[in-house]
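Visitor: Listed here are the chains, written in short residue letters.
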Amino acid sequence: MPMVEVAGKEFEVDEEGYLVNLADWDENIAGYLAQEEKVELTENHWEVVNFLREYYGEYQIAPAIRVLTKAIAKKLGADKGNNKYLYELFPYGPAKQACKIAGLPKPTGCI
Amino acid sequence: MNDEMDMEEEGGVVKQFMFVNRKAPYGTIYALEGLEVVLISAAFEQDVSMAFIDDGVYELKKGQDTKSLGQKNFSPTYRALEGYDIEKLYVERESMEARGLTEEDLLVDVVVLDRAEMAAKMDEQDVLISF
Numbered sequence: 188m189p190m191v192e193v194a195g196k197e198f199e200v201d202e203e204g205y206l207v208n209l210a211d212w213d214e215n216i217a218g219y220l221a222q223e224e225k226v227e228l229t230e231n232h233w234e235v236v237n238f239l240r241e242y243y244g245e246y247q248i249a250p251a252i253r254v255l256t257k258a259i260a261k262k263l264g265a266d267k268g269n270n271k272y273l274y275e276l277f278p279y280g281p282a283k284q285a286c287k288i289a290g291l292p293k294p295t296g297c298i
Numbered sequence: 173m174n175d176e177m178d179m180e181e182e183g184g185v186v187k188q189f190m191f192v193n194r195k196a197p198y199g200t201i202y203a204l205e206g207l208e209v210v211l212i213s214a215a216f217e218q219d220v221s222m223a224f225i226d227d228g229v230y231e232l233k234k235g236q237d238t239k240s241l242g243q244k245n246f247s248p249t250y251r252a253l254e255g256y257d258i259e260k261l262y263v264e265r266e267s268m269e270a271r272g273l274t275e276e277d278l279l280v281d282v283v284v285l286d287r288a289e290m291a292a293k294m295d296e297q298d299v300l301i302s303f
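These protein sequence lines map, in sequence, to chains L and P.
Following my numbering, the numbering of the first sequence begins with 188 at its first residue and continues without gaps.
Following my numbering, the numbering of the second sequence begins with 173 at its first residue and continues without gaps.
Keep in mind the hints are simulated off the structure, nothing from the lab.
The model shown is predicted, which means the values in this text are computed figures rather than measured ones.
Treat each hint with caution, since some may be false.
For lysine to aspartate or glutamate, the following DMTMM-like pairs were computed, each having C-alpha atoms within a straight-line distance of at most 20 angstroms [what the hints assert, rightly or not]:
| # | chain 1 | residue 1 | chain 2 | residue 2 |
| --- | --- | --- | --- | --- |
| 1 | P | 244 | L | 211 |
| 2 | L | 262 | P | 254 |
| 3 | L | 262 | P | 257 |
| 4 | P | 244 | P | 276 |
| 5 | L | 293 | P | 208 |
| 6 | P | 234 | L | 245 |
| 7 | L | 257 | P | 254 |
| 8 | P | 239 | L | 201 |
| 9 | P | 239 | L | 211 |
| 10 | L | 261 | P | 259 |
| 11 | P | 244 | L | 245 |
| 12 | P | 244 | L | 201 |
| 13 | L | 225 | L | 201 |
Derived Cβ-Cβ restraints for the label pairs, each shown as a range [said to hold, decoys possible]:
| # | chain 1 | residue 1 | chain 2 | residue 2 | range |
| --- | --- | --- | --- | --- | --- |
| 14 | P | 265 | L | 205 | 41 to 47 angstroms |
| 15 | L | 264 | P | 251 | 22 to 28 angstroms |
| 16 | P | 296 | L | 203 | 39 to 45 angstroms |
| 17 | L | 293 | P | 299 | 23 to 29 angstroms |
| 18 | L | 189 | P | 219 | 42 to 48 angstroms |
| 19 | L | 266 | P | 287 | 45 to 51 angstroms |
| 20 | L | 262 | P | 265 | 34 to 40 angstroms |
Beta carbons are placed, not taken as given, at the ideal position from N, Cα and C, and that holds for glycine.
Turn these sequences into a full structure, and let the hints steer you where they fit.
Guide: In structure tokens:
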């Protein structure tokens, strides 16, 4: 599988560009993965990325989009926990793109 | 209020699906695959429940440690089911007792049914899928 080097650190990604080892993740790597997705990371993006990392830490899965929006609404408010807001941040699918930037595997049942 | 509630699409038959888990969590792929199918099924807005019978009750046991197996401990994922609106988890009392387990040993809230009640619950289902 392809190796990538960011800020002097080497790490492995799969054919679709997902980080292979969750433990490799750091903010520089997130920056690289975001660049690959053509997403410019703002504070609002980080909020979602960090939320996903916490979710994964707790449940060991990347949530389905419906579950993600609901959980974000609960934690950050309804103005952020909706599809419109999340798709504005991650136009090619919040579950897919935000998970990739967060260094998580592709969500189960991601379609 | 400016809420952006998703409009529920009208139509579509809702069936009762029960996923039956009978195997220990590790050693075979059944438990993990079964759990993934359940998580995916949540997207189809059906009436989904899970049953834990025989060694399947071990899937819900607290304090699983897979380090020496070199496998991922996926047991925390059962706690995510609630967020997927899968809240009907049935555990067979006889299977639990035969393994010296009680509800306190389990990592999620469950409904304990005896064998006859479990059979009746299965009888109510439209679809039973066994792992």
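Visitor: Each hint needs a verdict: does it hold in this structure or not?
Guide: Quick rundown of the hints versus the structure:
Between residue 244 (chain P) and residue 211 (chain L) the CA atoms are separated by roughly 17 angstroms; this keeps the pair inside 20 angstroms, and the hint holds. For the hint pairing residue 262 (chain L) with residue 254 (chain P), the CA-to-CA distance comes to about 16 angstroms; that is within 20 angstroms, so the pair holds. Annotation: proposed proximity of residue 262 (chain L) to residue 257 (chain P) holds, straight-line Cα distance about 17 angstroms (limit 20 angstroms). Among the hinted pairs, residue 244 (chain P) with residue 276 (chain P) is inconsistent with the structure: their alpha-carbon atoms are about 23 angstroms apart, more than 20 angstroms.
Only pairs whose Cα atoms come within 20 angstroms are accepted, and residue 293 (chain L) paired with residue 208 (chain P) is accepted, the gap being roughly 13 angstroms. Distance hint between residue 234 (chain P) and residue 245 (chain L) is fulfilled; the C-alpha atoms sit about 14 angstroms from each other, no more than 20 angstroms. Under the criterion of a C-alpha separation no larger than 20 angstroms, the hint pairing residue 257 (chain L) with residue 254 (chain P) is consistent with the structure, at around 12 angstroms. In summary, the hint linking residue 239 (chain P) to residue 201 (chain L) is not supported, as the alpha carbons are separated by about 24 angstroms, beyond the 20 angstroms threshold.
Simply put, residue 239 (chain P) and residue 211 (chain L) have alpha-carbon atoms about 19 angstroms apart, close enough for the 20 angstroms limit, and the pair holds. Simply put, residue 261 (chain L) and residue 259 (chain P) have alpha-carbon atoms about 18 angstroms apart, close enough for the 20 angstroms limit, and the pair holds. Under the criterion of a C-alpha separation no larger than 20 angstroms, the hint pairing residue 244 (chain P) with residue 245 (chain L) is consistent with the structure, at around 13 angstroms. The hinted pair formed by residue 244 (chain P) and residue 201 (chain L) meets the criterion: a straight-line CA distance of about 19 angstroms does not exceed 20 angstroms.
The hinted pair formed by residue 225 (chain L) and residue 201 (chain L) meets the criterion: a straight-line CA distance of about 18 angstroms does not exceed 20 angstroms. Look at residue 265 (chain P) against residue 205 (chain L): about 42 angstroms separates their beta carbons, and that is inside 41 to 47 angstroms. Distance hint check for residue 264 (chain L) and residue 251 (chain P): the Cβ-Cβ separation is about 23 angstroms, which falls inside the suggested range of 22 to 28 angstroms. Residue 296 (chain P) and residue 203 (chain L) have their C-beta atoms about 41 angstroms apart, which keeps the hinted 39 to 45 angstroms range intact.
Here the CB-CB span from residue 293 (chain L) to residue 299 (chain P) is close to 27 angstroms, well matched to the stated 23 to 29 angstroms. A beta carbon spacing of about 43 angstroms between residue 189 (chain L) and residue 219 (chain P) agrees with the range 42 to 48 angstroms that was offered as a hint. Residue 266 (chain L) and residue 287 (chain P) have their C-beta atoms about 49 angstroms apart, which keeps the hinted 45 to 51 angstroms range intact. Checked against the hint of 34 to 40 angstroms, the C-beta distance between residue 262 (chain L) and residue 265 (chain P) comes to roughly 37 angstroms, which is consistent with it.
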